[in-house]
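Build the full structure now, drawing on both the sequences and the hints.
Number of protein chains: 2
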Amino acid sequence: MKKEKISNNVIRRLPRYLRKLDELIDAGVNRISSTELGEQLGFTPSQIRQDFNCFGEFGQQGYGYNVPLLREQIAGILGMDRGYKAVLIGVGHIGRALIDNFCFREWGINLIHAFDVDPDLIGKEFSGVPVSSVDEIQAFLKKNKVDIVVLAVPRDAALPTANMLIDNGVQAIWNFTNVELVGPDSPVIVENVHFSDSLLALSYFVSDGYDSKKLKK
Amino acid sequence: MKKEKISNNVIRRLPRYLRKLDELIDAGVNRISSTELGEQLGFTPSQIRQDFNCFGEFGQQGYGYNVPLLREQIAGILGMDRGYKAVLIGVGHIGRALIDNFCFREWGINLIHAFDVDPDLIGKEFSGVPVSSVDEIQAFLKKNKVDIVVLAVPRDAALPTANMLIDNGVQAIWNFTNVELVGPDSPVIVENVHFSDSLLALSYFVSDGYDSKKLKK
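In the order they appear, the protein sequences are chains H and C. Offset between the first sequence (1-based) and the numbering used here: plus 699. Offset between the second sequence (1-based) and the numbering used here: plus 699.
Take the hints with a grain of salt, since some may be wrong.
What the hints assert, rightly or not - Cut-off 20 Å, straight-line C-alpha distance, at most; resulting in silico cross-link-like pairs (EDC-like, lysine to aspartate or glutamate):
| id | chain 1 | residue 1 | chain 2 | residue 2 |
| --- | --- | --- | --- | --- |
| 1 | H | K704 | C | D907 |
| 2 | C | K719 | H | D780 |
| 3 | C | K912 | H | D725 |
Stated by the list, open to error - Quick look at which bits of chain H chain C covers, simulated, 3 or more residues with Cβ under 8 Å:
| id | stretch |
| --- | --- |
| 4 | 742 to 753 |
| 5 | 773 to 780 |
| 6 | 786 to 795 |
| 7 | 802 to 814 |
| 8 | 819 to 833 |
| 9 | 896 to 905 |
Calculated from the structure, these hints are not laboratory results. Virtual Cβ for every residue (Gly too), placed ideally from N, Cα, C.
Here it is as structure tokens:
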């Protein structure tokens with residue numbers, strides 16, 4: 700497969716394509732044109748063709764895209780077929796929401812273990828994921844190849860925990876703590892989940908809606 | 700203020716600017732050039748100038764940006780100064796995480812009430828937010844102006860709840876259910892929080908990192 704430097708915007712759109720393709724597959728759609736796919740996603744056909752061209756030739760002129768094949772290729776690009784292993788640190792509300800309601804496996808990730816400081820949680824198992832003491836993380840990381848750490852500890856614990864993880868060779872953190880963990884030049888990959896970004900975009904659209912109504916009056 | 704149709708990409712970047720400006724204010728920085736701001740955010744200075752130009756003239760040639768003023772203006776654009784009221788439906792793990800750990804007020808939103816079906820939760824209060832039965836939502840919406848509904852119910856309840864809300868005049872939903880609630884032409888504003896989008900981007904970057912290391916060997 701052709702592999703070039705892919706822009707961040709394209710990477711961010713790939714999961715949306717994947718979700719749409721899963722929907723199409725569920726609906727029994729086998730083939731789709733870039734025009735039709737664009738309409739369903741609110742993108743222009745040319746943007747869709749451009750995006751997919753970053754990775755190679757997926758479509759065929761006059762035929763459109765083979766939906767299951769395209770889905771498989773995007774899943775591959777996203778690393779969903781690589782069997783990545785993840786552990787979760789912090790089994791509070793957000794941690795429990797992730798363990799119980801977020802289907803890691805659907806996205807090709809295997810959540811193998813969780814860690815917390817709370818003696819009431821240690822030794823328990825939620826949705827098949829065992830919880831151990833955070834004191835055991837370092838030993839665990841030595842014995843197991845962990846590709847991704849999901850960090851859902853309280854704010855105060857975020858930086859010390861991240862530094863400990865990085866010292867122990869962790870290279871990728873899915874960060875739910877709302878704390879900036881590394882500087883822009885760090886080799887560690889940190890993906891921040893900022894609920895506020897999404898809420899503020901919504902707040903913008905709400906404002907825009909109110910303003911348009913006022914203008915119409 | 701000049702108001703034009705603003706592209707979705709720009710809107711999505713505004714919360715990131717806001718977070719950075721908050722950091723700068725906390726660090727006592729009063730003035731910043733687009734070059735410096737770009738370096739800290741990983742954007743080009745011209746992209747930054749372009750983004751801010753969508754909304755009006757914020758900077759001054761040779762002076763740069765007044766940080767607190769720019770922060771205030773972006774907050775205004777995002778509707779943070781409009782006193783929006785929100786209610787939460789679904790006080791499960793994710794709902795509790797939002798009530799207890801997410802500071803709505805910091806983003807200008809007032810979370811005034813929560814609703815659930817669980818008799819053990821109804822009548823309780825979490826972090827100052829009272830929980831009522833979902834049966835009372837319609838009456839509540841009639842009495843109170845609610846700008847945003849935060850939807851954190853189980854998947855099965857997502858569509859019926861959303862339809863009930865829309866029938867009762869709700870115009871904006873912050874959707875944590877992972878279910879598509881409305882079609883692309885709906886006038887209702889739905890902002891979906893898809894944890895998977897973020898995880899898959901991370902998975903991509905992890906794969907990219909592994910591949911680069913292999914190439915170097």
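The hints, checked one at a time:
Note on K704/H and D907/C: the hinted pairing holds, with a Cα-Cα distance of about 10 Å set against a maximum of 20 Å. For the given pair, K719/C sits about 35 Å from D780/H by alpha-carbon distance, which is inconsistent with the 20 Å threshold. At roughly 37 Å between alpha-carbon atoms, K912/C and D725/H are farther apart than 20 Å, so this suggested pair is violated. Note: the stretch 742 to 753 of chain H has 0 residues with beta-carbon separation from chain C under 8 Å; the three-residue rule is not met and the coverage is violated.
Under a criterion of three residues with beta carbons nearer than 8 Å to beta carbons of chain C, the stated coverage of the stretch 773 to 780 of chain H is upheld, 4 such residues being counted. Check result for the stretch 786 to 795 of chain H against chain C: holds, 4 residues qualifying (beta carbon to beta carbon below 8 Å, three or more required). Only when three residues or more bring their CB closer than 8 Å to a CB of chain C does the claim for the stretch 802 to 814 of chain H stand; here the count is 5, and the claim holds. Under a criterion of three residues with beta carbons nearer than 8 Å to beta carbons of chain C, the stated coverage of the stretch 819 to 833 of chain H fails, only 0 such residues being counted.
Look at the stretch 896 to 905 of chain H against chain C: 10 of its residues bring a Cβ nearer than 8 Å to a Cβ of that chain, three or more, so the hint holds.
This entry does not satisfy hints 2, 3, 4, 8, going by the numbered hints stated previously.
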